[in-house]
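Engineer: Each chain, written out:
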Amino acid sequence: MNPDGASPATRVSERPMRATRGPRFGLGAEGGRALLIAAVSTVVVFGVLAFVAVNSTGWPLFQEKFLNGPVFWEALPKVLGKFWINVQLFLIAEVLILVVGLLLAVLRSLPGPVFFPVRLLATLYVDLFRAVPGILVIFMLGFGIPALRIPGVPKDQFFWAVVSLTLLYSAYVSEVYRAGIESIHPSQTAAARSLGLSHAQTLRYVVVPQAVRRVIPPLLNDFIGLQKDTVLVSFLGVVEIFNEAGILESARFNFTPYLATALVFVVVTLPLARLTDVLLQREKDGRAASGGSRTAAAMRRVSQPLP
Amino acid sequence: MTGTGAALAVDDIWKSFGHLDVLQGINLEVAEHEVIALIGASGSGKSTLLRCINLIEPVDAGRILIKGEEITAKGVNVDRIRRRIGIVFQSFNLFPHMRVIDNVTLGPRKVLGRPAADAERAAVALLERFGLADKAREYPDRLSGGQQQRVAIVRALAMEPDLLLLDEVTSALDPELVAEVLNVIRELAAGGMTMLIATHEMGFARDIASRVCFLDGGQILEQGSPRQMFAEPREARTRQFLNRIIEAGRL
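Residue numbers (the working numbering), protein chains in the order written: chain U, 1 to 307; chain H, 308 to 558.
I should point out that these hints are in silico values taken from the structure, not numbers from a laboratory. This list has only true hints and no planted wrong ones.
One-sided and incomplete, this derived list gives chain U residues near chain H with beta-carbon spacing under 7 Å: (1) Ser-187; (2) Ala-190; (3) Ala-191; (4) Leu-195; (5) Gly-196; (6) Gln-201; (7) Val-206; (8) Pro-209; (9) Gln-210.
Lysine to any residue pairs mimicking SDA-like chemistry, simulated, CA-CA at most 25 Å apart: (10) U/Lys-65 to U/Phe-253; (11) U/Lys-284 to H/Arg-406; (12) H/Lys-374 to H/Glu-336; (13) H/Lys-417 to U/Pro-111; (14) H/Lys-417 to U/Tyr-205; (15) U/Lys-78 to U/Val-264; (16) H/Lys-381 to U/Phe-116; (17) H/Lys-381 to U/Ala-190; (18) H/Lys-417 to U/His-199.
Here the structure is a predicted model, which is why all the values come from computation and not from measurement. Glycine residues also receive a C-beta, built at the ideal position from the N, C-alpha and C atoms.
Could you put together the complete structure from these sequences and hints?
Structural biologist: As structure tokens, then:
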């Protein structure tokens, strides 16, 4: 049911938007004919690709080394067991990233000449961590800081892995937040300030809540990137899914464990990718709807639980 | 002309945006319970004057006093001043992510520090008074333009301001929705609210205002009672402006 208890009139107005959602994967609205053409051309393309692969001279060896059934079933539970480390990494890092990223975005949006050094520092941070390749940051923090042997500073590789990923991704995520904050019309700030709310209160109650709703799809996109980049910390010696796959590979000189690893990531990432699509489509529907403040409607629809 | 007791005294304020001089020496004194209608062509400075009084725009020169206190002085806490001055915008500017009730109680709760239950009770009473009680739990985009603007007025009133500024509040509305908003303002005037109203609704200005000010070229060219201003304006520019309005069928 409609969570807002909407009047029948508003529900009617939402119906045409659903109709526009129909076409998927770029298929037109021509119906059966389009579907048939799509099916035939798909079969032909994939058929040719498969034919070329299977008839290549190296195919038997490739099958043995990359698509080995017994090795796959032996490796899958083992890499899955280590995947828990990656899950922990990205869950902890993601929470920290959402907080640090928002903080950076807010610091960069502080007005007035007094805050110039703050804005400058935040901007430098974002520029730096977007410029340096992630693997270098992970190496420098993960090997460099423990090497300083400062008493009380953790030597744990997992700890530095979380720190590195947080530093890297906060820079990207802060830009997403900032775009959201700047997309909120200045009249909203004027209205809030005219009530006597301070700059901080205006951000806290009026600007940031609207901005965050608007940037949920791009945030999910960054979250997907983060999930995959957790394998980078394997270079610190953290035995997570990619390292485990490497160990299995060298034990049998067979690459199939990597295939199992890739499948695990696909299975975990697909739902998030589809969720992002759904949220973006809802926002689009909201904008296409006629009348009133369209983005507002879209934003609220985004914030509602999924059907 | 800066009487200390006046609800509002504007003393020779100037404001320019780049090379555009929008306000060029505005003087205005408003007594308590007075309703001032600001009329004039687009670009004559009506909205800028209101925005300056609410300190949304800083003035370049001159002073603004509320009950004798200079609000344009250096070091004044602008948030404390804005609490006492309500403003309603042409485009409503409701917070789209909050229900009507939360739009109305945000100021009282976060600025005045009222307990949520008290703020909500007061808000519901205000919404009831303006026929919006059944909309309290709705989001703004489910409301008509007229309803949204009435909510915006209620939101300003919830702060219990000494002075209410209305910036062309009916200009963005469909014609059939204008009356419901004007009726709300009429009721406020009858209740003794001190108001400054920038408007293009001349009939309304004539009915409700205790004084009408005609702005032209960033100055108050002429002011007087509605009867005098609309029946026998002294200045040629005022006559010209009113004639154009009559031709357009707006009076």
